[in-house]
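Colleague: Residue-level listing of the chains:
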Amino acid sequence: MGPSVEITPALKAAFEGAFAALDSAHQPRSGEEWSWRTAGVPGGAPAETLLDSEGCVQAHYASLGTAVLWQGQRLPVAQVVDTFAAQDLSLPRRVRAFTLACEGFVKRTCLPEPDGFVLCYGFPVRPAWRIGRAYMGYSVLQEFWRLGISAEDAARAEVAGDLGLEQDADWPEDLAPLFAEHAEKLGVPFLRDAEFLRWRFDERPKVKYAKCLLRRGQDLVGWAVLRVTTWSGERVALVCDRFCVPGDEAGEFALDHWLGTRALAGGVTHLVGASGEHGPELGDAQRRGWRVGRSEYCMVGRSFDPARPVHDWARRLRWTLGDTDLV
Amino acid sequence: MQDSPSTVSIRAIEPSDVASILAWDSMPRGRLLEWLLLDSTRPVRSLVACEEGSLLALLPVVELGDPLPHERPPMFEWGRPLLAPGIDRKRAAALVRGLEENFLRGQDSPEGVVVAWFDTQVSESDLPLGFERLGCWSVLEGLPFEQLSAGKTDIQTVDLDENAAEFMRRCAPASAWVPRRSSAWLDWRYGRAPGGGHGARGVLERGELSALAVVGPAQSALGSENSSSTIPVLEFWVAPDGAGAAQNLVLGLGREARAQDCELSLAMPSWQPAFDVWVGAGLRLMPSSLDLLVRPAALAPEGRASEEAWSRRVLDLEALRCAWPWSLGDAHFSVRSSKSVHPRD
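In order, the protein sequence lines correspond to chains X and Y. Residue 232 in the numbering used here is what sits at position 232 of the first sequence, and the numbering runs on without skipping anything. Position in the second sequence (from 1) plus 1000 gives the number in the numbering used here.
Hints are not guaranteed to be accurate.
[Claimed, not checked] Some but not every residue of chain X turned toward chain Y, in silico, with C-beta under 10 Å:
no.: 1; residue: Pro42
no.: 2; residue: Glu277
no.: 3; residue: His278
[Unchecked claim] Footprint (simulated), chain Y over chain X, 3 or more residues, beta carbon under 8 Å:
no.: 4; segment: 140–151
no.: 5; segment: 176–188
[Stated by the list, open to error] Derived Cβ-Cβ restraints for the label pairs, each shown as a range:
no.: 6; chain 1: X; residue 1: Pro172; chain 2: Y; residue 2: Ala1174; range: 54 to 64 Å
no.: 7; chain 1: Y; residue 1: Asp1039; chain 2: X; residue 2: Gly137; range: 50 to 60 Å
no.: 8; chain 1: X; residue 1: Glu33; chain 2: Y; residue 2: Pro1217; range: 55 to 65 Å
no.: 9; chain 1: Y; residue 1: Asp1119; chain 2: X; residue 2: Gly289; range: 37 to 47 Å
I should point out that these hints are in silico values taken from the structure, not numbers from a laboratory. All of these numbers come straight from a predicted model, not from anything done at the bench. Beta carbons: idealized from backbone N, C-alpha and C, even for Gly.
This is chain X alone, in the form it adopts within the complex:
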């Protein structure tokens, strides 16, 4: 995989210009946030920046490297983020520049390169989706369902006597083996271990996440991560990550209880999570009172492994909001 790109003042300026043009509420990104998104990413953060002959940024195609577990194998995958083309280019030149940056990224970092990314995925803004679909082979992977419940209803869920909730503790080292043992029962999950979770939720500058470990006796059986923020114009508590040993219904109720209680303590009345379209967890959550709604997002991707076409990824991938850069 290629190295992280150097974040130059010119790249920062081009990024801010492009994203401010797309979103009037865009806030400039701090230097600390840039560092967290590049140098600190456990799975690497390769990127491709296209410059013109005078060194001006024409397009940028960046990623957050991570991994999935597929039948016991750890496969490198990349979330595509921060892609843009310079706003002062004409539309055809913008498309061309964006495509060249993408092609450069793919050639350098994806299969068949050794240890290359097997899958690139993302939750693109509409212009990026259109170009990506037309020129770069993006396909629809999964719907992005919004799951919601009132914090009061969630807080009413019971915590069985043999379960314990441990708030804001360090991510334990026995988390990775627990996840590896159980998570694939649900499909192809994005990897979880202490290193990833520390980077994703503990080390992010200026964003506060609440977390909770769920134990039965001394044994870890799950966890959840929450962030109080504004989402689609509403003040909510977002379920950024969640895992419970599949089939442990009491454990799921206990996590619901913690999420609801913590949301109320944070002054918000509604919990919001997200789900793809497959897997038993979608139905299980609804049976516990969560309600499905549409969202403005859609998960798209491109597979670089002929043995794992997009249809396979679409059916198997299991993700949480923690696998997106949306929260």
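Starting from the structure of chain X, add chain Y where the hints point.
Modeller: Chain Y only, in chain X's frame:
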């Protein structure tokens, strides 16, 4: 025909083909086949491959809605091709590809769209030519339990006549991708479908329809793992100001289903306002084993399309995702018989 023996010819299906097709294994019932592919009131779209008088393969095709040449791009639904027994895998693949290419070359309009509801267990190489995945066919199922005993509902049986068809057309969004409902189409789709059992229920406000549903006979769940019998909701149309009527209709349908010891099941794109009504009433959204595939534009089957064609294809895909108000009534093959759509296995 590419990749197939030169002695193979391809033509439109004829009534005399039905007896041969029915002799193949795992075929749908003859009446169903005749109704779906050879109804005298509708254009014949399905193709068959023949060799020396023997029928080898069928590509089942239904045009969505009422054909209206030149008024909108046509939309077709493909079923899974059916093959005569004893054909080896390589030849079967060539025959199927030949049928698909022949259909795409012979379409009336190059602007046409082809859709298919496919079981996702098929491998990608078995997918039809040029198709893309639009998404999973998620199923809404259950009953509006919490509200069934509360409130008053006033739903009534409605005739599927021109008044009903006109209501459906009025409720449809302003999009190029809206299969047209007419009284003739409703009569074919629900009045004369083999097995019968379809019915329409509506809510009237000031003597006018405000919400209208077509339900089918009880059946097993639609592609999900639900083991309950379900009443499929094949059409659900709501007037722009009919939110209250929609809720009444949902509750009324729920009560009718419960009286038959069934749940309700339906599928629709989530951008439709009615999606929120069903979810708000307490139905669960469950994954199914079916994917919705589309072939956004009838590009030339061979060779790379022009840049403009690809751009058009992307916009069409987006429009289909965001503005095609499909319902179970548009899924002719999957809903009627799962066995009829698995010839490639």
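Colleague: Any of the earlier hints contradicted here, and which numbers?
Modeller: As far as the earlier hints go, 1, 5, 7, 9 are violated by this structure, in ascending order.
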